[in-house]
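**Student:** Throw the hints in and build the complete structure from the sequences for me.
Note that the sequence shown covers residues 7 to 500 in the numbering used here.
Since the hints were made in silico from the structure, they are not lab data. Some hints here could point you the wrong way.
Claimed, not checked - Taking lysine-lysine pairs in the DSBU-like style, the calculated list, with each CA pair at most 35 Å apart, reads:
hint, residue 1, residue 2
1, K170, K434
2, K80, K325
3, K150, K477
4, K325, K487
5, K488, K217
6, K479, K150
7, K477, K217
8, K80, K488
9, K487, K477
10, K325, K488
11, K325, K477
Everything numeric in this text was worked out from a predicted model, so none of it was measured.
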Amino acid sequence: MERARDLAMEEGMTPDTSKLTLSTKGDQPTLTVYDSGIPLTVLWLVLGAIFFTVRMGFIQLRALGHAISITRGKYDNPEDEGEVSHFQALTAALSATVGLGNIAGVAIAISIGGPGATLWMIIAGFLGMASKFTECTLGQMYRKQRPDGHVMGGAMYYLSDGFKDLGFGGIGRFLAVFFAILCIGGSLGGGNSFQVSQSLGALSETFEFFKNPDHNWIFGAVMTTLVAAVILGGLKRIAQTAETIVPTMCAIYVAACLYIIFSNAAHVPQAFGEIFSGAFTPEAGLGGVIGVLVVGFKRAAFSNEAGVGSAAIAHSAAKTEYPVREGIVALLEPLIDTIVICTMTALVIVITGAYSKETADGMFAANIASQNGAALTSQAFGTVLPWFPYVLAVAVVLFAFSTMISWSYYGERCWVWLFGESSSIFYKVGFLVACFVGSITSAKNVLDFGDLMILGMAFPNVFGVIFLSSKVKHALNDYWKKYKTEGFPTYEKE
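**Tutor:** The following block contains the structure:
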């Protein structure tokens, strides 16, 4: 477990005096809390998730069954205002989260923090369900419908309008502008260039043509063209595309994970043992345990985006009479994304031993060093299913594609909120340029930029959602009382 002992240095954690300190991870500054080495962003997300879990009465447990019923369309009233169904909103938001965060991010987390990072990812996913519920409910509460029928919503709306309701309009406007700027940056980095860079890495491990760096620009040009064909069609085309791609690719990926897990059933108990012991390993000392915890929470946050505020943009467009209902649908995202899919990826990587620097051959070690997580996961699958890297390479590209089209919508909504509808074409052009740039840029550099932007969105968002949580709590109490006593009309399809 020497990796865990060294993790504090790798993640930018350095002991210091009892105050906020600035350390570095490579060239990236990391603000840490006191001498614990815990990045402030991670602590902020964790504390926020714990607050929302308690404040909403463990809604992620109480409403799980109801969430599934809503998503199935049981309560879909065609007369409700909105642009997309509950299922389409869920898949659109999932398409931004289920993807390389699950495939590449998990591999990166385990290669740095060891198997123990998996447990902290699961815990982060559970707590994040409450964060996702609260922010997406607010997204519905403060959405606006334009004369042309399009719905506008998201953190920039509930921060500005919600704080105005509290008598602090200036603060709300500042938080909303700060959030929108970070979201635009995140959409260009983690939601775009990072996706292209990592999917290209997976292709280069599988197809001889892409092993030649001179061919990278061809992949960039193809991805840019495909993304342009979708994002120029607006939210409905994005939702329709996501509705097709996400369930299919999730099913294929989960099936492959289950095959490897069941084929190595005898090794599963040992894998879980490594996950639990690695999370609390005494050999690494307190610093190592904190380091593993930080890696797990950080990669989980990047994967499921709970507390970041991005998903509220997609869920605000769902057809529903009750904002709480869409919030309940949204809490399924961290469950599917982190608790189910990330855990399966982690088990495959641990079972195959692909994460271990001590035992991996040069092929694994090279991708660990460069943080090329998609290629590392591909190699892990290939040790059991020699043909599967070809399937995974295609899956990675499709996951990356679906993530990019959803993040393009997030970034565009923030851009329009800042600069007006007529300027949206400038954002879309910039997004397409960033897409191409991702094919010729280092994966690690893009990962660092994506972390900085997307995780940074948590500061204004969580701060605002905490102050507005009483509105969600009251709405939840009213909704839940009606659900348990009177019930709601159903519209199940025959």
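**Student:** Next, verify each hint and record whether it holds.
**Tutor:** Here's how the hints hold up against the structure:
{"no.": "1", "hint": "K170 x K434", "verdict": "holds, 31 Å"}
{"no.": "2", "hint": "K80 x K325", "verdict": "holds, 13 Å"}
{"no.": "3", "hint": "K150 x K477", "verdict": "holds, 18 Å"}
{"no.": "4", "hint": "K325 x K487", "verdict": "holds, 22 Å"}
{"no.": "5", "hint": "K488 x K217", "verdict": "violated, 59 Å"}
{"no.": "6", "hint": "K479 x K150", "verdict": "holds, 21 Å"}
{"no.": "7", "hint": "K477 x K217", "verdict": "violated, 54 Å"}
{"no.": "8", "hint": "K80 x K488", "verdict": "holds, 16 Å"}
{"no.": "9", "hint": "K487 x K477", "verdict": "holds, 16 Å"}
{"no.": "10", "hint": "K325 x K488", "verdict": "holds, 19 Å"}
{"no.": "11", "hint": "K325 x K477", "verdict": "holds, 20 Å"}
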